[in-house]
Amino acid sequence: MEEPVQSGNVAWVLVSAALVLFMTPGLAFFYGGMDRTRNVLNMLMMNFYCVLVIPVLWVLVGYTLSYGPSAVGNDFIGNFDAFMLKGIGIADGGMGLATIAYLGMFAAITPALISGAVADRMKFSAWAIFVPVWSLLVYVPVFKWVFGGWLGQRGSLDFAGGTAIHVNAGIAALAAVLVLGKRRGWPQEGHPPHSMPLVMIGTGILWFGWFGFNAGSALGANGQAAQAFMNTFLAAAAAGLAWVVVEWLRDGHPTNLGVASGIVAGLVAITPAAGFVSGAAPIWIGLIAGVVCCYAVRLKTRFGYDDALDVVGVHFVGGLVGSLLIGFFANPGFFGAGHREGLFYGGNLRLLGEQLLANGVAIVWSFCMTFAIMMALKKTIGVRVEAEAEATGLDLALHSETAYHGGGLH
Amino acid sequence: MEEPVQSGNVAWVLVSAALVLFMTPGLAFFYGGMDRTRNVLNMLMMNFYCVLVIPVLWVLVGYTLSYGPSAVGNDFIGNFDAFMLKGIGIADGGMGLATIAYLGMFAAITPALISGAVADRMKFSAWAIFVPVWSLLVYVPVFKWVFGGWLGQRGSLDFAGGTAIHVNAGIAALAAVLVLGKRRGWPQEGHPPHSMPLVMIGTGILWFGWFGFNAGSALGANGQAAQAFMNTFLAAAAAGLAWVVVEWLRDGHPTNLGVASGIVAGLVAITPAAGFVSGAAPIWIGLIAGVVCCYAVRLKTRFGYDDALDVVGVHFVGGLVGSLLIGFFANPGFFGAGHREGLFYGGNLRLLGEQLLANGVAIVWSFCMTFAIMMALKKTIGVRVEAEAEATGLDLALHSETAYHGGGLH
Amino acid sequence: MEEPVQSGNVAWVLVSAALVLFMTPGLAFFYGGMDRTRNVLNMLMMNFYCVLVIPVLWVLVGYTLSYGPSAVGNDFIGNFDAFMLKGIGIADGGMGLATIAYLGMFAAITPALISGAVADRMKFSAWAIFVPVWSLLVYVPVFKWVFGGWLGQRGSLDFAGGTAIHVNAGIAALAAVLVLGKRRGWPQEGHPPHSMPLVMIGTGILWFGWFGFNAGSALGANGQAAQAFMNTFLAAAAAGLAWVVVEWLRDGHPTNLGVASGIVAGLVAITPAAGFVSGAAPIWIGLIAGVVCCYAVRLKTRFGYDDALDVVGVHFVGGLVGSLLIGFFANPGFFGAGHREGLFYGGNLRLLGEQLLANGVAIVWSFCMTFAIMMALKKTIGVRVEAEAEATGLDLALHSETAYHGGGLH
Amino acid sequence: MKLITAIIKPFKLDEVKSALREAGVEGMTVTEVRGFGRQGGHTETYRGTEYQIDFVPKVKVEIVTDESAVDRVVELLTDAARSGKIGDGKIWVTGVESIVRIRTGESGSSAI
Amino acid sequence: MKLITAIIKPFKLDEVKSALREAGVEGMTVTEVRGFGRQGGHTETYRGTEYQIDFVPKVKVEIVTDESAVDRVVELLTDAARSGKIGDGKIWVTGVESIVRIRTGESGSSAI
Amino acid sequence: MKLITAIIKPFKLDEVKSALREAGVEGMTVTEVRGFGRQGGHTETYRGTEYQIDFVPKVKVEIVTDESAVDRVVELLTDAARSGKIGDGKIWVTGVESIVRIRTGESGSSAI
Ligand SMILES: Nc1ncnc2c1ncn2[C@@H]1O[C@H](COP(=O)(O)OP(=O)(O)O)[C@@H](O)[C@H]1O
Ligand SMILES: Nc1ncnc2c1ncn2[C@@H]1O[C@H](COP(=O)(O)OP(=O)(O)O)[C@@H](O)[C@H]1O
Ligand SMILES: Nc1ncnc2c1ncn2[C@@H]1O[C@H](COP(=O)(O)OP(=O)(O)O)[C@@H](O)[C@H]1O
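Chains as they are written, first to last, in our numbering: chain R, 14 to 423; chain H, 14 to 423; chain A, 14 to 423; chain B, -5 to 106; chain C, -5 to 106; chain E, -5 to 106.
One thing to keep in mind: the hints can contain errors.
Unchecked claim - Label pairs and their computed distance ranges (CB to CB):
| id | chain 1 | residue 1 | chain 2 | residue 2 | range |
| --- | --- | --- | --- | --- | --- |
| 1 | A | Leu73 | E | His36 | 53 to 59 Å |
| 2 | R | Arg263 | B | Ser101 | 48 to 54 Å |
| 3 | R | Arg263 | E | Lys79 | 42 to 48 Å |
| 4 | H | Phe384 | A | Gly198 | 50 to 56 Å |
| 5 | H | Gly198 | A | Phe384 | 37 to 43 Å |
| 6 | B | Arg32 | E | Thr43 | 35 to 41 Å |
| 7 | B | Ser101 | A | Gln201 | 47 to 53 Å |
| 8 | R | Ala389 | B | Gly99 | 55 to 61 Å |
| 9 | H | Ile394 | E | Lys79 | 54 to 60 Å |
| 10 | E | Thr43 | R | Ala385 | 54 to 60 Å |
None of these hints come from the bench; they were simulated from the model.
Each residue gets a CB set at the ideal place from its N, CA and C atoms; glycine is no exception.
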């Protein structure tokens, strides 16, 4: 029996799409608050730019190549049949268009994640080219492979973009900073966040929006959406708690930035798993991600890559942790398919193996392609601002603006 | 066959109403961030005041005069039959009340738009009277004529308030500043935004909320809503892109304020068209609005009217551009009626003519009435603060408050 | 006839849950903006901490004790049958899980309300213990009694938590500050808000989220939800208006903090009544709450308890006013039961009596238990930071962080 | 050489700058400060409680100049900064023993 | 005339102000500054990394006064600003050659 | 005793601090200021309109020191603060008549 489209499902996807749109400004504030006063506008602009250029790119070619009708049954990449939404109508009650808009939000925020790593020293012109090119050459294929393409078909699971988005952007961030080089003075000179309240505003918006990101991925207001919602709630809370407890025991102080970072780490980690786990699993995933990421953000000083705002430590590591934990916690109650139980639900190592494979492929592809794109930019227009601009601030040098004009001198 | 009310539709209208409520604070931050430190609270208060006084006014008389049962079949204005929501129950599953609340949010934000023009010099007592009077004498009739009244019946189109809200408030802003006069020192003395992050917080909230503003206007979670949602996404992105590209080419710098302004210009322009266009049309509308508004904000210095935060250049011009482009881009797929195709879809000039007429009527009525209201206020209680208050700041003079108390001196 | 679950209802509960989650950051900014620069991060952290620890506690034991299946038919407290969501599946289309998540948001924000009272002087370690203990010993039982327990069964009404949340947390705030003592220098030294824009950001988020808080409590997108939505809109507006008018007449200035406080007071007052009143009642409730709370915030200086950010004056008083006004304004159209009309709808004093009883019980229980918990903490780990930390700021002393690092010195 | 220190009303800074620039003063250093004086402070009102703010915003302008120019600069400053209302501020002069331009190492008058 | 400059702990400003006001000092100018001294700074921790903040918040108070009042004012300041802990700050006195009240053009003692 | 006042570029503060610390200077007070000078300001662009910002961020460093140390400190400062580009700033020296350490009441050289 063909069921008529339920307006509740359309409503939920539309709301979720709006929530995910809101996450990019949220991310901008989260990152921007951590940055220094003189670079905050460059950070905001790198993020906002993604929601300007990607939506257009997405409806032109991104969608048709990765998720459009032509992509179905095609293991590697779609074709241009639905170029500029050709043939997409509203006779289905809006579900199609709502879903395309929803996925466009994901396409927009993914490159924005990378901005946190390249903070304080990247040319905006290079970023302006990097974003659409990266989206086409890295995001679109990985997204396709994971959702409906060969990796997904083999049996790996990714509910809302742990592999396709967080691992993908996180490892790209590493490749990007390796090409870009360290900020002058790093790591000797540290830069405390210029506005912690702005960081917390970003954190609040991110958590709020993430309910759309995860629970919306059920593409309907149904049981799986409710479960994903609950998991998003619990994992973020547990990870925030874990991070703060580690800090308290280790450094002697529970901090706001720890709360914010833990929440984000938990949200990242539950993303791939949100629709596949239940019960106490999200709490465990959150706790593990909170502890692991709290230590992982220190890798950059050990290994000497200047990932300014910890995109690798939080998004790459958190996404990977969550994606692999699916191999343990996946609850067969959520799908019919035979081999998709996690180890803790009577499954064998096969699911874990698929998760490793899918993430491995995403990591290799994303790292290599990102490295290549950045090198190409470096050899042509250059990727790095001049020393003077770096010293005096990118806001003025690149954008002819200053974040704050307070007090009596204006 | 009478269909039972679908809870998904009620849910979507309720969510949309909440989103539009959130836009007024968003607008307050957008404007407030652009203002100087000493006047930011006056700006916030002018905006918040609208969501205090208008809701009450709307349910008392605004609704019944413009959109209530009595207004149906009445071409010019309704009567007082549904005074204070008399006779409005919940037997319909909530759709009626939800819609009235939803429209109340529109009534509240419309006068708030004007605050950006009169910034830095208007008496708050004058504003306190201006807002409800303007709402009754200008907003309510224009809203009525455009939606269901004589202008709408003739065949003009306005999906979510391009004519009734943006053109209306934008031209009112012009009339208001002509009566109010220029700020002392303008245009020689410029005032850069006191907090660009606050501007960007406002921008993020506005875009997020605008999905409710436009897609909610379908009054259901249906295909038209999904199309309006997609159009809102694309037009804002395209306009932001266009504005930034113009800036980059013309001034040498892409700026955050350009991004913010472009996004808002695109949102304004797509508002009247959101439910009537499809495919690439929203991208074109966004690109055109972005370029046109980016130049239109300079008109004020050429013509010498002090529209402090560019309400005319963004809302009036953007709204008009979007409204007229309906005449070209309207897609007949979205309604049955005969003559409503745009020029690009095989239509004739009739739709464009109706758009011109509707906007022309709105412009004349709004300009004249606003001018009259402001003159009446000027002759009675006065509209302008004293020179000293203008020099030292409205926050302290009018509100006995200061926006920030930082540092060691407090 | 058993109706299948409507996706619109699930969508609405999920959206409402996300909205209520967003309120806790909103509250943090509302309070944090009012605080001084040196204590703002401690304030933010007290709030965010609640959404870290409470979600976990709620799914572990809170839900099963108060609202779970075992709690049905049990007048005082549930048992541990649904410990860690045991037995809660998604076969019901998600409504069950969505509701549990939704209620978890309420559990999280309730103790957060108290943070405003204990600002600037409470040990974070004491707060870290206080929150879960208070939630279990005070919130869970009162919530149970009011919703479905003995107080609710007797006939008292509380739609979205006027008694269970605002009166409860408000009186707990009083008990807490009595144990904690006054801030050094209070009330001689005053401390104006360090960032009014942050207060207004919080206010905007709170109002936006409160639509989920109140209208979501209908647990479906139905007529009652729409009515609750409308009431939330009108009461907040009317109360904001009332507060500002009192200020203007009494103090000579309408202020932003007055707008913000009035809006919150109206939202608090309508909370218990939102689904039970209609027509002009929300306006009256808002007006009364606005005036009463505007005076009630002065009680602290008269009686000498240091309720730093007026939790008692706004939440306790506002919640009580709204809860008692149900006795007058309850509209029998919203329920079948015999004796539940308010005095103005032909009812007798019985409903008012029940409201008095329910609130009385909540007040006595909450005050005594909170006092006991705080005394126990005081005698063991201590509740108050050292004088030096209080003088130099809690952010640095407790969290090793500073809110803002601006300018050229960083 | 002398150091001229002026405490002025913030909104007068632009006029002061223009006046000095026209008179050939090529450098100055300004600081946001708060002043306490006969002008008194103001009150602000939050939730109906009045807060007395004793310190009002002022701007401090510092100019190192040759002895010969002091009188003229002080006069210019006085004129440009005067609004005639209480709280216009003060100008005081102190002696400077030496001055160096960091960039070049020059000292004395040529370093100003 | 002399200029008395005091660097004090921010939370002592209120006491200092009251003490001076009671003693008849009618004007002063204060500035938010950051001090580096024996007191040392503090560390802050962000994502587990410690940042050494060497400059701690201080407030600078400047008072121009007649020579005759200097000793008393310095004494008052010292008493009011003292907490007895390291970092209480310094007070130094420099000579002022002339002073003008902008509003009136008065100079000398009557301009203070 | 002398008061050395240096106006430097903000990003040079760390180097200046380190240089002075190594040379045994144990205290200083710094202030965020804005400078106007030959360096000129910059323009910012908002909605296509250029705003001329004449005052650029600088940091003022103040050090009270014994007469004997002045030359060395000025030299150190000059070296550490120099970038060689216009706008590096100035250092000037004024006389200090007395100094008190608030905490102890000590005065003279031992109070520095
Ligand atoms: N004795 C003083 N020492 C230092 N600064 C002073 C002194 N007296 C006044 N000032 C500064 O000058 C400003 C204006 O002084 P005030 O007494 O209010 O008015 P007027 O300048 O008209 O005499 C004060 O705000 C303060 O910054
Ligand atoms: N030589 C100096 N020159 C200028 N300011 C100084 C000097 N020494 C100390 N200060 C200021 O005095 C403050 C307190 O000095 P510090 O050495 O920390 O403690 P104490 O005042 O107890 O001796 C410093 O933070 C700094 O602002
Ligand atoms: N005459 C002056 N009095 C006080 N401060 C000055 C003076 N001239 C310059 N300054 C300060 O020194 C800074 C640098 O001066 P500037 O003329 O721009 O370059 P340079 O130091 O290379 O000569 C200015 O920004 C200002 O803060």
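Hint check results:
1. Checked against the given bound of 53 to 59 Å, the beta carbons of A/Leu73 and E/His36, roughly 57 Å apart, stay inside it.
2. Under the hint 48 to 54 Å, the C-beta atoms of R/Arg263 and B/Ser101, about 53 Å apart, fit the expected range.
3. For the hinted restraint 42 to 48 Å between R/Arg263 and E/Lys79, the CB-CB distance of approximately 44 Å keeps it satisfied.
4. A hinted range of 50 to 56 Å holds for the C-beta pair H/Phe384 and A/Gly198, which are about 53 Å apart.
5. The beta-carbon spacing between H/Gly198 and A/Phe384, approximately 58 Å, falls outside the hinted interval of 37 to 43 Å.
6. Between B/Arg32 and E/Thr43 the Cβ separation comes to about 40 Å, which falls inside the hinted range of 35 to 41 Å.
7. In this structure the hint that B/Ser101 and A/Gln201 lie 47 to 53 Å apart at CB holds, the actual value being about 52 Å.
8. For the pair R/Ala389 and B/Gly99, the beta carbons lie near 46 Å from each other, so the given range of 55 to 61 Å is not met.
9. Checking the proposed 54 to 60 Å range against H/Ile394 and E/Lys79 shows it holds: the Cβ atoms sit about 56 Å from each other.
10. In this structure the supplied range 54 to 60 Å is violated for E/Thr43 paired with R/Ala385, their Cβ-Cβ distance being about 41 Å.
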